[in-house]
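Residues per chain are reported as follows:
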Amino acid sequence: MYRKQIRRRRAVLVGLIVACLVLLSLSFSEARSGPIHSLQKGLATITAPISEGASVALKPARDLIGWFDDTFSAQGENDELVAELAATRAELARAQGAIEDNEELRDQLGLPTDGELGSYEPVTARVIGRSSTVWYSSVQIDTGSSAGLAVDDPVQTGDGLVGRISDVTATTSTISLITDPRNAVTAEVIDGDARAPWGVVEAEVGNPETLYLDFIENEAEVEKDQILITAGWSDGRLSSAYPPGIEIGRIENAEVGQGDFQEVEVRPFVDMRELEYVQVLTGGPDRGELVK
Amino acid sequence: MIVTRRIVLRIAAIVFFAVLLQTSFLSYLEVAGTIPDMLPVVVVCLGLLGGGVVGAVCGFATGLLVDAILLQTLGITSLALLSVGYLAGRYREGFEISNSLTPPLLAGGFTIVAATAFAVLQLMLGVDAAVSLLVVRDIFVQGLSAFVLAIAIYPLIRRTLRPALVEEGAGSRVLTEGRGARRRARRSARGPRIRRRVAT
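As you go down the protein sequences, you meet chains A and B in turn.
Note that the working numbering has the first sequence beginning at -19, numbered continuously upward.
Note that the working numbering has the second sequence beginning at 295, numbered continuously upward.
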């Protein structure tokens, strides 16, 4: 009798382990439209209203804890923000002049505006869930393909770039944040110079608060407090998933690296922990084959 | 544990509620730069109360649900959680839980095991990006927060599943703690109390 119990217990354990391995290999090998992915999306669609309800119901508790957290860090932040505001006012005046010049020159040259921020249609969505592991930096939102969202659509907030849509169901979507180690963004450093250096912003597993700007040559002039924006490049056939001009973050530290490139640390503008609402930029240009 | 249909429903409700609470609330909090994870704690508690098979099945189901809800790669979380659920259940089958600190300590330890297993699985599947040493700190802080969470979660789950729990006498093994259970166990060990009749 006891042996029979042990055999049954082992059979259950082996069965579950085999089921995990089958799911794992199917998740990797199967296409997005395959049966396992469809089943997963179906389950996500069914549970979405409950997740949304739970998110709304638990918001006061989250806000309460956030309030304590914010209160402790508010004094230090206030001094920093006052200094930042003065610098931003001066930058804004220069930028507005540059935008007008840019539009005028584009009209004169007849350049297309496809792929720029203006050609996207923003859709606002609420964050209803997020991953708790450092290996996936992703959040779930309450809007899906029925509202026009598609995989690889860029996502932003008023503060800057958030990430891109990595998976979509009819009523929900998953955003792969820029702090996800599997994400990379082509970025441009703003320094008021026409030949600003370009690099690739990447994250490191286990350190979601800091991004790294790679491929900036040692000779390039990059310094603390410079701002990074999406480069949004295109060569006609291939193009970046992100339109140009979305703010990413501020350079925290830049040092000459051991190889050909500098080691540049970037702090993102968006506080990924406090995401409540995001804006998905839908209906962008047909980019053909996308490069992140 | 006596697993009836009602108890299965209660366990399913516990798992579902835990996944919702984790994805909609706890994932937004940070303790020393790390997000506390209550899912391994719940699975370990279910394993400690129900045994190896219950722990493994609950771990598998919890992992599957969280991966499905967040559209993550299926199977990785399930594999890590079913391992700790099964190990916790085997512990309960082999050893006595005589101290109220044992479940939180086990939850903390098994959470570290689950997080390490998850990290190893991710590395085995291939990670293109650099891996920070902060991952190690993350694993240990998750273990500590699991210890604290288990102090509240274990009694709650135990109370929810109380009708299914088997109480044994003090002569063999005491599976439930608390002052009342210990008193009952001592009484049953002493045998029935005989009242002396006083002649008047």
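Keep in mind that a hint or two might mislead.
Unchecked claim - Cβ-Cβ distance ranges computed for the label pairs, FRET-style:
| hint | chain 1 | residue 1 | chain 2 | residue 2 | range |
| --- | --- | --- | --- | --- | --- |
| 1 | B | Pro449 | A | Leu19 | 33 to 39 Å |
| 2 | A | Gln238 | B | Val414 | 42 to 48 Å |
| 3 | B | Glu324 | A | Pro40 | 35 to 41 Å |
| 4 | A | Gln238 | B | Glu324 | 28 to 34 Å |
| 5 | A | Asp132 | B | Gly420 | 28 to 34 Å |
| 6 | B | Pro449 | A | Asp59 | 42 to 48 Å |
| 7 | A | Pro40 | B | Gly388 | 33 to 39 Å |
| 8 | B | Gly388 | A | Asn233 | 48 to 54 Å |
| 9 | A | Glu57 | B | Val430 | 27 to 33 Å |
Please keep in mind that the hints were generated in silico from the structure rather than gathered at the bench.
Please read these numbers as outputs of a predicted model, since none were measured by experiment.
In this text, a Cβ means the ideal position worked out from N, Cα and C, and glycines have one as well.
### Task
Given the range 28 to 34 Å, decide if the beta-carbon distance of Gln238 of chain A to Glu324 of chain B lies inside it.
holds (32 Å)
### Query
Falls inside 33 to 39 Å, the C-beta gap from Pro40 of chain A to Gly388 of chain B?
violated (44 Å)
### Task
Indicate whether the distance between the beta carbons of Pro449 of chain B and Asp59 of chain A respects the range 42 to 48 Å.
holds (45 Å)
### Query
Can the suggested window of 42 to 48 Å be confirmed for the beta-carbon pair Gln238 of chain A and Val414 of chain B?
Cβ of Gln238 of chain A to Cβ of Val414 of chain B: about 29 Å, so the range 42 to 48 Å is violated.
### Task
Can you let me know if the beta-carbon spacing of Glu324 of chain B and Pro40 of chain A is within 35 to 41 Å?
violated (18 Å)
### Query
Has the hinted range 33 to 39 Å been met by the Cβ atoms of Pro449 of chain B and Leu19 of chain A?
Check passed, 36 Å falls within 33 to 39 Å.
### Task
Could you tell me whether the CB distance from Gly388 of chain B to Asn233 of chain A stays inside 48 to 54 Å?
holds (52 Å)
### Query
Is the hinted range of 28 to 34 Å satisfied by the C-beta distance from Asp132 of chain A to Gly420 of chain B?
violated (22 Å)
### Query
Is it true that Glu57 of chain A and Val430 of chain B lie within 27 to 33 Å of each other by Cβ?
With Cβ atoms ~30 Å apart, the hint holds.
Comparing the model with each earlier hint shows violations of hints 2, 3, 5 and 7; every other hint is respected.
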